[in-house]
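There are 2 protein chains.
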Amino acid sequence: MSFDLEHYITENRRLLENYLETVLPGDRGPAPRLVEAMRYSLFGGGKRIRPLLAFAAADAVRENQGPVPSKNRERPEAIVAGALEMIHTYSLIHDDLPCMDDDDLRRGRPTCHKAYNEATAVLAGDGLLTLAFEVLLQGSSEFGVPMIRAAGLIAEAAGISGMVGGQMLDLLGSDGNPTRESVESIHRNKTGALLRASIVAGGIVGGASREEEGMLKSFGGCIGLAFQIVDDLLDIEQSTENLGKSAGKDQDQKKATYPAVFGVEESRKMASEMTLEAEAAIAGFGPSADALRGLADLLLRRDH
Amino acid sequence: MSFDLEHYITENRRLLENYLETVLPGDRGPAPRLVEAMRYSLFGGGKRIRPLLAFAAADAVRENQGPVPSKNRERPEAIVAGALEMIHTYSLIHDDLPCMDDDDLRRGRPTCHKAYNEATAVLAGDGLLTLAFEVLLQGSSEFGVPMIRAAGLIAEAAGISGMVGGQMLDLLGSDGNPTRESVESIHRNKTGALLRASIVAGGIVGGASREEEGMLKSFGGCIGLAFQIVDDLLDIEQSTENLGKSAGKDQDQKKATYPAVFGVEESRKMASEMTLEAEAAIAGFGPSADALRGLADLLLRRDH
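Quick note, the sequences are listed as chains A and B, same order. Residues in the first sequence are numbered consecutively from 4, following our numbering. Residues in the second sequence are numbered consecutively from 4, following our numbering.
FYI, nobody ran anything at the bench for these hints, they're computed from the structure. Please note: incorrect hints may appear among the correct ones.
If several chains are the same, the list does not tell them apart, and a pair holds so long as it fits within one copy or across any two.
[As the list claims (entries may be wrong)] Simulated crosslink set (DSSO-like; lysine-lysine; CA at most 27 Å straight-line):
(1) LYS117 x LYS257
(2) LYS117 x LYS220
(3) LYS272 x LYS252
Chain A extracted, bound-state conformation (with noise of 0.2 Å):
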C-alpha cells in the first residue's frame, strides 16, 4: 500500500493544533487581549511545514526502533512541532511590521499589527517565542538529554547565528546588489537554518542515531534552501490572493532573491536539483521516511 501523505498532514496537523490549544488557552496569563492576538497568529491557517517536516522526521529514524507507543507520539514530537510553529509564527508577526517589511496581508488576513495595534503585535510574538522555550524546557524537564539537545538546535537556529541574524541581512540587503554569497547567506540564515532544525530536532527526539541525524542533516540542509528558492518563485509567479500574502514584494523592495540573482528558469533547476539531493541524503531509511520524501516533494511543487 503507497503512503498516504494526504491523510499523514492531516492528521498531524490536527495534533499539532491540539497540542497548541493545551499550551495557549485562550484564558492563559493575566492579559486576555494578548492571548488573543497571539492566538489570532498562531491559529490563523498556517501550513504548519515545520511542525511536519519534524514528525516525519522522528517518524523516519523510528524503522529500526518497532512501533512507539502512541503517548510518545504524542509528547516529545508535539512539543518540538509546537515551539517550532510558536517560532515561526513569532518571526512572522515581528517581520511584518511596520519598521520591518510592513505587509499587511498574512495567510489570507489581516497581519497582526493590522488587526491589534504594533505593540500588541511586538508583545505578541515575544510572548510566543518566550512561549515556545518554555514549552522546549518542561519537555526537558520530563525527556531529558534528546530533548535538551533538540531545544539547544532551535534555540540557535532561531537566534543571531540563524534566523534573527539572516532577516537582519535581509533588511540591510534590501538597497544593495545581490550577489550569489548574499543571497545564499541571507537564505540559509533566515529560513533555512529553522528549516533544518526542525527536521535535525524532529530525529533526535524521535530517537535518531549520530549516523541517521547526519543524514537528516544533509537532508534538511537541501530542504531548506529548495525551499527558499520555491518561495522566491512563488512570490514573482503567483497572485496575492492566492499566497494570502502580499506577492510581488521582493521584486519592489528589491530584496536579495533566488530569481534576482540566478533569473527564474535556473532558479526552478535549482530547486529540483536540491530537492533530488534531499531525497538522496535520506536514501538509506526504508519506508519510515516516506513522509519526509512526500513532504519534499510537495514543497517542490506547491502553488502558495
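Let chain A serve as the given structure and place chain B on it in line with the hints.
Using the frame of chain A, we list chain B on its own:
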C-alpha cells in the same frame, strides 16, 4: 569583619560582563550590525540588579555546603545571571520602541531604536531573548536538572504569565483609572516575576534545598514589589539626568503606579515594610545571605 557590599557588587558585575563578552563577542553571527546593536544595549551601563540577586541567592544557599570550587562560581550562576540580563535588556529595548513606551533615553544614552533604527531594535531584542535561552539550554546540557529547573522558571517569569503579560497590562492600563488590584497585577507581572525568578533561579543552581528555595521565593516576592514601588517613586522624585531615562513619564502617560493609587508617603512606607518582610523571609540564613540582605537594603535606598 563586616560584609563589603560595594566590593561584592564590583566583583560580580565584572564576572557578569566577562561572561557576556564570551557569549556575545562582536563577531558573532552573520550580521555584525545586529550584534553591535545588541552589545550597545547589553553593555550600556545597566545596574545588573537581576544578575547580582542571582549571584547573591546562590551564595546564600552555599553556607551549609562548604566552599564551592571557583569553577562552579563562574559557570552555572554566570549562565543564569547572563541570561537574566539579556532578557531584561531585550525587554527594555522593546518597551522603549515608539509603538510601546516611546522613550528616547535609556541609561543616559539614546535608546536602541534611536541609536540604530526600529527594525534593528526589534531584532536586537529578539536576538537577546533567543540568546538567553540558547545559553540556558547549553547550561542545561552541562549542569542538568537544577539548570533546567532554573531556566524553566525564568521562561515562565519572562513570558505571558509574567513580564510580557505585565507589559501588556501596563499598555492597556495607560488610559484607565488605576486601582489597587490593577497596579498590583501589573507590577507583580511586569517586574516582580523576573526579579523573583532571578533570586529563585540563582538559588536553585547554587544547590538550594526545597526549604531554602521556599525562603528565597518569599524574599523574591517582597523584593520584587518593593523594587517597583521605589521605581515608581523615583520616576516622580528624581530628574531625567539622574535616572538616565525620562523621568515623570508615568504621570504624563497616566500609568498605573503605586504613588498614583496610594500617594507618595504611603508608597514609601509600603516599600520599607516590604523590604523588612523580605529580610524576615531569609532570617533562617546565616552570614552567607549578607549579600542578599545588603542588596535588599540598597534597592530600597537607591536614588536612581
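Hint by hint, here is what the structure shows:
1. LYS117 x LYS257: both (24 Å within a copy, 25 Å between copies)
2. LYS117 x LYS220: neither (37 Å within a copy, 40 Å between copies)
3. LYS272 x LYS252: within (22 Å within a copy, 58 Å between copies)
The structure fails hint 2 only (numbered hints given earlier).
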